[in-house]
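These are the residues of each chain, in order.
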Amino acid sequence: MADLTADLGFIRLKNPVVPASGTFGYGEEFGDFVDLDELGAFVLKGVYRDPRPGNPPPRIHETASGLLNSIGLAGPGCRGLAEVLRRVSAGTDTPAIVNVCGGSDEEYQEVAEFFGAMPETAVLELNISCPNVNAGGSCPAQDPAHTERLVKRIRQAVTKPLMVKLSPNVADIAAVARAAEAGGADALSLVNTFLGMAVDLERRAPVFANVVAGLSGPAIKPLALRLVWEACRAVSIPVMGIGGIHSGRDALEFILAGAHAVQTGTVNLVEPGASLRILREMAAEMDRLGIRNLDMIRGALS
Amino acid sequence: MLDVREGSDPLLRRPLGIMDAEPPLIRVYFQLTGRGTRILAQRRPGDHVQVLGPLGNPFPDRSGRRILAVAGGRGIAPLFFALKRYARANEASLLYGARSDADLHLRDRIERLGLKSVAYCTESGDYGRPGRVTDALQEMLTSSQADMTIACGPHAMLAALAAVLEDTTTEDYMSAEALMGCGIGACHSCAITASGGGYLRVCQDGPVFSREEIQWRT
Chain G
1 MADLTADLGF
11 IRLKNPVVPA
21 SGTFGYGEEF
31 GDFVDLDELG
41 AFVLKGVYRD
51 PRPGNPPPRI
61 HETASGLLNS
71 IGLAGPGCRG
81 LAEVLRRVSA
91 GTDTPAIVNV
101 CGGSDEEYQE
111 VAEFFGAMPE
121 TAVLELNISC
131 PNVNAGGSCP
141 AQDPAHTERL
151 VKRIRQAVTK
161 PLMVKLSPNV
171 ADIAAVARAA
181 EAGGADALSL
191 VNTFLGMAVD
201 LERRAPVFAN
211 VVAGLSGPAI
221 KPLALRLVWE
231 ACRAVSIPVM
241 GIGGIHSGRD
251 ALEFILAGAH
261 AVQTGTVNLV
271 EPGASLRILR
281 EMAAEMDRLG
291 IRNLDMIRGA
301 LS
Chain V
1001 MLDVREGSDP
1011 LLRRPLGIMD
1021 AEPPLIRVYF
1031 QLTGRGTRIL
1041 AQRRPGDHVQ
1051 VLGPLGNPFP
1061 DRSGRRILAV
1071 AGGRGIAPLF
1081 FALKRYARAN
1091 EASLLYGARS
1101 DADLHLRDRI
1111 ERLGLKSVAY
1121 CTESGDYGRP
1131 GRVTDALQEM
1141 LTSSQADMTI
1151 ACGPHAMLAA
1161 LAAVLEDTTT
1171 EDYMSAEALM
1181 GCGIGACHSC
1191 AITASGGGYL
1201 RVCQDGPVFS
1211 REEIQWRT
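Read top to bottom, the protein sequences are chains G and V.
Quick note: the first sequence uses the numbering used here, first residue 1, plus one each step.
Quick note: the second sequence uses the numbering used here, first residue 1001, plus one each step.
Take these hints with a grain of salt, some might be off.
Said to hold, decoys possible - Per label pair, the in silico range of CB-to-CB distance:
1. G:G299 - V:P1024: 44 to 54 Å
2. V:L1179 - G:G184: 39 to 49 Å
3. V:E1139 - G:D50: 23 to 33 Å
4. V:Q1050 - G:D35: 15 to 25 Å
5. G:G103 - V:Q1050: 37 to 47 Å
6. G:A90 - V:S1195: 53 to 63 Å
What the hints assert, rightly or not - Where chain V lies over chain G, by a calculated footprint (3+ residues, C-beta under 8 Å):
7. 18-25
8. 66-80
9. 258-270
Honestly, the hints are just simulated from the structure, not real lab data.
Every residue, glycine too, gets a C-beta built ideally from N, C-alpha and C.
Same shape as in the complex, but just chain G (with noise of 0.2 Å):
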């Protein structure tokens, strides 16, 4: 049986199968299909200081083998979360990672501190890519000078292990992925969702509210691979893939291309028992093609 331990170095995960942000609740949800002791990890929605209603709706639409959303970071804020976090970490010794989210520096600093106080935090990942929060979808991570600066502020105000999430939506990632690695980041988790957009001809409007949104899915899973492939070759820490992971393969795919974990995200929404389904996949996998952890394939593109 393959070994599926996954060490990032500051954390050792008893496999590389991470739910993302956004896509798995805040775990209490999964629990008629998920048992949360069997994860490697598991990311929160997304949190702000204070309670967001988030985006008025439609807030999806289907596309192609994909998802378009514009949810808008609904949540319950610090407080709200801080109680769930509590509730959820009591019943399992999987490590959870707090989405920190920010409409400031200051805020994310805020967030980060309130967060990486409380014991039951395992990571913080300091999301700075949601496209679904500033008009036209910008976010701190399409800067790298921006990037840096951010994460060096976060690096100096918390001490907990900081993952940084990075946007697709740049020319060049490998800047970015560097930029953070420079401001102090333990590791890099990537990619968010892709900006997209969609219309209504029958309205001659924009679907969503914010008009652009951020596509996820099957859909966007090349265009992920080859974002993280880039960002591992640029950078010396940890990376977790995320981008269409649907199944053991998918996932293993991302290990080769250099990443230590991988995060699964719009496959929860459709079947929410997907993320031990493709950690099952994975270690039939590796069984049949004689790989025996994860060590061997890692970045391991001949």
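Using the hints, position chain V against chain G.
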């Protein structure tokens, strides 16, 4: 939530109301509105369709009440199931409206439910009374002496209904529709505006809401 996928396209499950359940059968009733429902309609006896459910909250259990159900178009499906249940221990009536004769579904089955009264209306006027359910609502409320209403139909119909029912003393429940992602409350896609501000999730907080919970007019 029914799985209609062929590979990864279409990607999402389809949320359908349960029209009837007689173990071991669950009956769903749907209109061909797009690729997902077309694929579902091609399924044959013996095929496997993966189902996630039942999900969300049903119309509440009641007995000894006088209930008026108001349905619009294919919104009859979940109301049919509710009426079948209610008819055992309540006095139940139905007001059912649609665009035209062809959009009034399940009439044979409705006749067999043993309801106190059934009234149909069509906007085209080719079956039942001409007009919308809201035009006939006041009269039906009076004739049925309803102390409770249940409703399902397009959002605009529910909004119009809610506006009328605000001035009555009936206890009102409405089953809402929304574009849905996961069906289990995790993705927050199926937001509906709450009367107190903010949003509720149709999949988990609903799909049946009491009228007062929702800001129907937006």
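Assertion that chain V covers the segment 258-270 of chain G - criterion: three or more residues, beta-carbon distance below 8 Å: holds (count 4)
Verdict on chain V covering the segment 18-25 of chain G, criterion of 3 CB contacts below 8 Å: holds (count 4)
Looking only at beta-carbon atoms, does the pair G299 (chain G), P1024 (chain V) fall within the given range of 44 to 54 Å? holds (51 Å)
Should the hint that E1139 (chain V) and D50 (chain G) are 23 to 33 Å apart at their CB atoms be regarded as holding? 48 Å Cβ-Cβ, so the 23 to 33 Å window is violated.
Using the beta carbons of L1179 (chain V) and G184 (chain G), state whether their distance is inside 39 to 49 Å or not. holds (41 Å)
Verdict on chain V covering the segment 66-80 of chain G, criterion of 3 CB contacts below 8 Å: With 5 residues closer than 8 Å to chain V, the segment 66-80 of chain G meets the three-residue bar; holds.
Starting from the hint 37 to 47 Å, judge whether the C-beta atoms of G103 (chain G) and Q1050 (chain V) obey it. holds (40 Å)
Range hint 15 to 25 Å (beta carbons of Q1050 (chain V) and D35 (chain G)) holds or violated: Holds, at about 20 Å.
Indicate whether the distance between the beta carbons of A90 (chain G) and S1195 (chain V) respects the range 53 to 63 Å. violated (34 Å)
Checked against the numbered hints above, the structure breaks hints 3, 6 and satisfies the rest.
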